[in-house]
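Each step along the sequence shown adds one to the number in numbering that gives the first Met the number 0, with nothing skipped, and position 52 is 51.
These aren't lab readings, by the way, just hints derived from the structure by calculation. Hints are supplied without guarantee of correctness; some may be wrong.
Computed beta-carbon distance windows for the label pairs [unchecked claim]:
| id | residue 1 | residue 2 | range |
| --- | --- | --- | --- |
| 1 | Gln319 | Asn409 | 52 to 62 angstroms |
| 2 | Asn121 | Glu493 | 30 to 40 angstroms |
| 3 | Asp137 | Glu493 | 41 to 51 angstroms |
| 4 | Lys487 | Glu134 | 51 to 61 angstroms |
| 5 | Lys222 | Ser313 | 36 to 46 angstroms |
In silico SDA-like pairs for lysine to any residue, Cα to Cα no more than 20 angstroms straight-line [said to hold, decoys possible]:
| id | residue 1 | residue 2 |
| --- | --- | --- |
| 6 | Lys525 | Lys633 |
| 7 | Lys300 | Glu337 |
| 8 | Lys41 | Ile88 |
| 9 | Lys446 | Asn523 |
| 10 | Lys465 | Lys525 |
| 11 | Lys464 | Leu339 |
Everything numeric in this text was worked out from a predicted model, so none of it was measured. Cβ atoms here follow ideal geometry from the backbone N, Cα and C, with glycine treated the same way.
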Amino acid sequence: MNKNKHNSLLIGMMLFSPIVASTLSISCWKVNYEKDIKISFKRDKNEILASEILKYLEATSASLKVKYNLSIVKADDTKGIVELMITPIYKGKVEKRFNLTFDGFKKNKMTPLEEILQKIQNVDLSEKQTKTIEEYVDSFKGSDLANKITINGKKMQEFLTRHKIVSTPKLETKNKELGIAVLKIKFELNNEVKEIAYEISGFKKIYAHITPSPYVADTLLDKAINELGTVDLVDKEKHTISQYQKQFGNNLKEKLKFHKIGKDLKKYLEENQELEIKSVKLQITSATKGTGTVKFILKNKSNNKLREVDGNVSGFKEDQIAKALDEVLINVSLEDVEKLDPEEYKAHYNDLKSRIIAKNFDNAKLVNDLKTKKIEIKDVKIQVKNYTTGNYLISVTIKNLENNEEITTNYEASNKFKSISIQDIVNKNGNIEFNDKNQTVQGFVDKYKDSQLKAFIKNFDEYNKKFKDYGIELRKDKLVVLEKDDTKIKLTIEYISDKFTSTSFMKEFEISGFSSKQKTNELNKKAKELAEKGELIYSLPYISYYLDDVKNIKNWVNSTNEDYAKIFLNEDNDNFIIKRDSNNIFFKVESLIFDDTDPSCKYNEIIKSESNDGNYATMHFVKNGSEITKILIKFKLANDSSNKVYEVVFWEKEEQTSQ
0 MNKNKHNSLL IGMMLFSPIV ASTLSISCWK VNYEKDIKIS FKRDKNEILA
50 SEILKYLEAT SASLKVKYNL SIVKADDTKG IVELMITPIY KGKVEKRFNL
100 TFDGFKKNKM TPLEEILQKI QNVDLSEKQT KTIEEYVDSF KGSDLANKIT
150 INGKKMQEFL TRHKIVSTPK LETKNKELGI AVLKIKFELN NEVKEIAYEI
200 SGFKKIYAHI TPSPYVADTL LDKAINELGT VDLVDKEKHT ISQYQKQFGN
250 NLKEKLKFHK IGKDLKKYLE ENQELEIKSV KLQITSATKG TGTVKFILKN
300 KSNNKLREVD GNVSGFKEDQ IAKALDEVLI NVSLEDVEKL DPEEYKAHYN
350 DLKSRIIAKN FDNAKLVNDL KTKKIEIKDV KIQVKNYTTG NYLISVTIKN
400 LENNEEITTN YEASNKFKSI SIQDIVNKNG NIEFNDKNQT VQGFVDKYKD
450 SQLKAFIKNF DEYNKKFKDY GIELRKDKLV VLEKDDTKIK LTIEYISDKF
500 TSTSFMKEFE ISGFSSKQKT NELNKKAKEL AEKGELIYSL PYISYYLDDV
550 KNIKNWVNST NEDYAKIFLN EDNDNFIIKR DSNNIFFKVE SLIFDDTDPS
600 CKYNEIIKSE SNDGNYATMH FVKNGSEITK ILIKFKLAND SSNKVYEVVF
650 WEKEEQTSQ
């Protein structure tokens with residue numbers, strides 16, 4: 000007999016409980032549709048979710064003259080309520096629709112993450128009033144953005160820490176003129192992921208009349224532009240335009256100068272305090288020629304009117320590196336990409352530096368020519384634009400060997416990779432394997448219906464990696480019992496990525512090998528027979544370590560003053576362990592046995608506590624004063640409608656006979 004293997008048992012049941020509406024009423028060829036419709040359920044309502052109603056419902060006509068189409072208006076699986084819209088079709092004509100509400104459906108318990116997220120009443124961002132959405136996005140990214148988020152009036156991190164949640168926020172523009180954005184937060188707890196979008200308003204508004212480069216009638220703004228004259232930048236001759244942008248890009252306002260007033264912009268603004276210059280940006284037109292455009296917004300603070308101002312700038316230090324690259328890196332591409340998709344290519348060629356080519360240059364000639372110009376290619380990466388079209392960018396990092404400065408530039412590739420779709424990748428990447436199949440299909444579906452794929456797919460990490468490389472996300476779409484076979488489950492997985500022309504693909508898997516209802520019923524019957532005979536859970540008093548187990552239990556009880564303990568299987572499923580709760584120190588009890596002669600028989604599926612709060616047995620300690628005189632084990636059978644509590648004596652003090 001194998002000791003204490005982890006075996007499963009769940010019962011799947013299908014009940015049919017038809018509910019028939021009242022009789023029809025027909026007079027003068029007019030039908031009372033609400034009385035004519037006849038609703039029947041294929042399964043008992045308390046076994047199905049409200050959102051599943053259309054799969055298990057039939058609508059017929061008592062008069063046999065009307066056809067009814069049904070659709071869900073709203074369904075609340077947590078409350079077990081659904082509202083249906085009924086569309087009568089009489090003599091080929093759509094009649095007036097009406098709604099019916101049904102309750103009493105199985106209530107879908109919220110997941111641990113959903114219960115936590117339900118506590119969120121308000122989400123907002125700090126410091127938004129002084130910035131436009133674009134300015135806010137530019138200023139706060141990653142952890143900086145997370146630090147600006149408040150939940151229920153407090154910093155988001157407090158909420159996350161308290162509930163042990165991980166989050167990833169992303170801010171997107173909804174209406175920049177009105178200052179409205181959408182904050183998407185992806186919450187994660189124990190492999191469960193939920194993304195919620197929150198609308199955030201109150202950002203600084205951008206009035207429609209300022210974009211792009213409008214003329215706004217305002218005397219003060221006209222006067223200022225006339226007085227300031229042509230815009231320029233100071234100290235530009237000391238830097239290439241790329242260096243200038245990199246070094247001063249976040250503080251360009253301090254570098255502005257205007258030809259009519261010279262460098263003393265600060266003094267001019269002090270004398271004209273109703274004026275404000277903001278959102279100064281430098282856009283590179285040509286790195287080689289050192290030309291660009293300066294743009295900024297001039298604001299009249301007294302009336303909030305704005306004027307967008309721009310001007311061309313030149314005279315930067317000549318960029319020899321940019322010039323050299325422009326001469327060489329023309330029609331850049333990677334060699335021989337046409338027969339492979341990007342991921343296959345990267346797997347086949349580890350060093351992409353050895354694959355880069357350009358117009359009139361093979362790889363060797365390209366590398367040598369750049370070296371003569373004191374340039375070294377440090378790194379080459381692929382940025383896929385679309386796997387289906389094969390379009391891609393080449394990210395090239397070069398090093399200036401004279402000053403060790405490194406620059407990264409993206410080039411549009413002049414050729415294309417082999418076209419591939421999400422379906423192609425799915426079709427070539429094999430099947431999946433399920434964990435925990437020693438139970439009924441209904442039991443499996445009930446257990447994992449709210450779980451992520453990783454929870455029940457045995458080879459998930461290996462399978463998922465094949466798609467992760469392509470930026471494809473796997474989502475569980477459906478997990479249902481196959482109607483014609485009670486040993487099979489149908490799983491539908493949705494594969495999603497915006498890197499393909501067709502961004503989504505569905506695949507159905509049929510998984511077999513589950514316990515049939517007949518097998519389950521046999522296991523239930525066998526478990527009850529063994530429990531009645533005291534042979535389902537029992538001790539082995541004749542083995543050498545039995546008395547050691549008894550001694551350990553007594554010492555533990557005496558040191559903790561406990562009157563009961565829970566009995567679980569250890570992680571290896573080969574020994575019982577005793578513990579008071581999940582945080583309590585535990586120890587093995589090797590002389591306690593669970594009958595597992597049938598490999599389908601699982602302790603934590605067969606057994607449940609006498610208080611019905613979990614799948615475990617309970618050890619009770621009977622005392623005479625402070626002395627333990629008996630150790631009892633009590634349990635129920637998980638699928639026993641009689642709710643009987645079984646008792647097994649693990650150890651009992653022997654009565655001493657008087658001489």
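Holds or violated: are the alpha carbons of lysine 525 and lysine 633 at most 20 angstroms from each other? holds (19 angstroms)
Status of the given 41 to 51 angstroms range, CB of glutamate 493 versus CB of aspartate 137: violated (34 angstroms)
Does the Cβ distance between lysine 487 and glutamate 134 fall inside 51 to 61 angstroms? Given a distance of about 56 angstroms, which is inside 51 to 61 angstroms, the answer is holds.
Assess, step by step, whether the Cα of lysine 465 is no farther than 20 angstroms from the Cα of lysine 525, and give holds or violated. At roughly 44 angstroms apart (the allowed maximum being 20 angstroms), lysine 525 and lysine 465 break the hint.
Please verify whether lysine 446 and asparagine 523 have alpha carbons no more than 20 angstroms apart. Within the cut-off at roughly 19 angstroms; holds.
Cβ distance range 30 to 40 angstroms for asparagine 121 and glutamate 493, holds or violated: At roughly 32 angstroms between Cβ atoms, glutamate 493 and asparagine 121 fall inside 30 to 40 angstroms, so the hint holds.
Taken at face value, is the distance from the CA of isoleucine 88 to the CA of lysine 41 at most 20 angstroms? With Cα atoms ~23 angstroms apart, lysine 41 and isoleucine 88 exceed 20 angstroms; violated.
Between lysine 300 and glutamate 337, does the CA-CA distance stay at or below 20 angstroms? Violated, at roughly 58 angstroms.
Under the criterion that the straight-line Cα-Cα distance not exceed 20 angstroms, is the pair lysine 464, leucine 339 satisfied? holds (19 angstroms)
Is the gap between the beta carbons of glutamine 319 and asparagine 409 within 52 to 62 angstroms? Taking Cβ atoms as reference, glutamine 319 and asparagine 409 lie about 20 angstroms apart, which means the hint is violated.
Falls inside 36 to 46 angstroms, the C-beta gap from lysine 222 to serine 313? violated (28 angstroms)
Hints 1, 3, 5, 7, 8 and 10 from the list above are not met by this structure, while the remaining hints are.
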